[in-house]
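**Q** Chains as they are written, first to last, in our numbering: chain H, 1 to 288; chain U, 289 to 573.
Derived from the structure by calculation, the hints contain no laboratory data. Glycine included, C-beta positions come from ideal geometry on N, C-alpha and C.
Take a look, some chain H residues computed to stay more than 12 angstroms from chain U by CB distance:
1. L70
2. S115
3. K125
4. E138
Keeping only pairs whose Cα atoms sit at most 30 angstroms apart, straight-line, the calculated DSS-like set for lysine-lysine is:
5. H:K258 / U:K549
6. H:K163 / H:K76
7. H:K31 / H:K75
8. H:K124 / H:K31
9. H:K31 / H:K3
10. H:K110 / H:K139
11. U:K549 / H:K282
12. H:K282 / U:K566
13. H:K76 / H:K125
14. H:K57 / H:K110
15. H:K258 / U:K566
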Amino acid sequence: MIKTEHLTYTYGIGTPFEITAIEDINIHIEKGDYVGVIGHTGSGKSTLISHFNAILKPTSGRILIDGHDLWSEEKKTRIQTRFDVGLVFQYPEHQLFEETVYKDIAFGPKNMGLSGEEIDKRVKKALDFVGLSRSILEKSPFDLSGGQKRRVAIAGVMALEPKVLILDEPAAGLDPRGRDEILSRIRDYHRETRSTVLLVSHSMEDISRNTNSILVMNHGRCAMHASVSEVFDRTEELIQMGLDVPHITKVFIALQEKGYPVSRNVYTIEQGKAELMRLLGKDGDQHA
Amino acid sequence: MAKIIEVSQLSFSYPEEDGNPSSPALHDVSLDIEEGEFLAILGHNGCGKSTLAKHFNGLLKAESGSVKVMNMDASEEQNLLEIRRNVGMVFQNPDNQLIATVVDEDVAFALENLGVPYPEMVQRVDEALELVGMTKYRHHAPHRLSGGQKQRVAIAGVLAMRPRCIVLDEPTAMLDPQGRREVMKTIRRLNREQGITVVLITHYMDEAVQADRVVVMGEGEIILDGTPREVFQNVGLLHSLSLDVPQTAELMFALRQEDIKVPIAVLSVEECLEVLEKMLGGAKK
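Use the sequences and the hints to build the structure in full.
**A** Have a look at this one:
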């Protein structure tokens, strides 16, 4: 779905502030995958994802979306890409601007030139995805709570029905309840639409609980791109890169290193409990 | 130990909007904070924790009840300057808190406003940057720093005032794991080595377990107040308040539901390993 070849981007070329934000990125993201994107601040995550819907033009290298080379084909391709790849920025609620929630969510679909009927259908579907009730459609987005605003902003991008949905820290600043709510909505969206989803996050717990594979950025380069278990197996390297591994994973890696026959790939409490129950000979069968 | 902040039966409501009376943000809250303590405050968004913290240096004024800071009434206008010199605040977004174009000028900002003489200002800025480990970045531009570094500069700006207490409202919410580690290390050091009282509002349980004392708020009231070990015994209650508990305590809670006898308040990876090894006994191959 997304392919990059030697993708490199340099900010401020020819100025004293010239800095290469990403360098020689070669990745291939499969259609329908749910990918976590992690990396320290300034590792190039935002620069990378800004290429996926043609906001940034590579300094060198190529980027292909669904087989289309974004910058060698005509402009039409890039315009289409803005609809095919939906990008939800950090703190997207700062970008709400319309008089009503309805108009705000309808803004994208309207720009796609869809019929009134189709727009209406998409607005309501997107609202369902983010778990808000129809009664708020005529309200001003500015009268909503922070968590509701965030969801309206995400619905506005979902209403484009993009083939790829990219979310940059969608849970930042939310409390545990708000975070779990948003992430489970995104999970449902991924399952039901079978679209490709990219989740950028600093929370190793959120990444491990939600995504199938992980892309690790480090100082502008792609350091790893593999399954969740392969990535979190490289604890030491991740910590060196300023990242981390969920606590529960650390516990099980240590247990295994002490010689206990447990899996190293434990990311959730449920998985951890199941492993221990199995070891204690108390798994489901004996209880039944 | 002396009390640095005394909150007694504090209630507060935000002004009503469009004629709809708002529900009270704080209801009859009493809380004493000891000099030198490291206190963490937990609670879901809207539970009143930031509203409470804004009373600690007079950003908000008690509606009923009282807030005393170092024995000064925080609702008296003439005490505010002295209170704010002694209780500094650090907020979530470092980009909204840094204003100068060079790090040391940013740290000096409050001192300049107070008219501190130049030689003393230089000395205080040096000292503050040293305390947060940012001395070698003193001539850098703040916007070129990482999130963790920016937040440490914001902390230095508060430290330059030589406060007795620092209140941090979700200081790591926007940081990467390394930035979070840096900020937490700085906070712990200031508390242990400099004896500065720390009030940390956070959603991260692994940060709360590093405090001496944890206060849990819900709907404008204090629900739990104790050491991390005491507070994290209450896994069920914390869940019902939509809060997390440390993953290790969560695992213990899950095991206890299967009638396995393990302690609940297991707060670190090392401690958890110890408990599990004991539990598994000879289960090694």
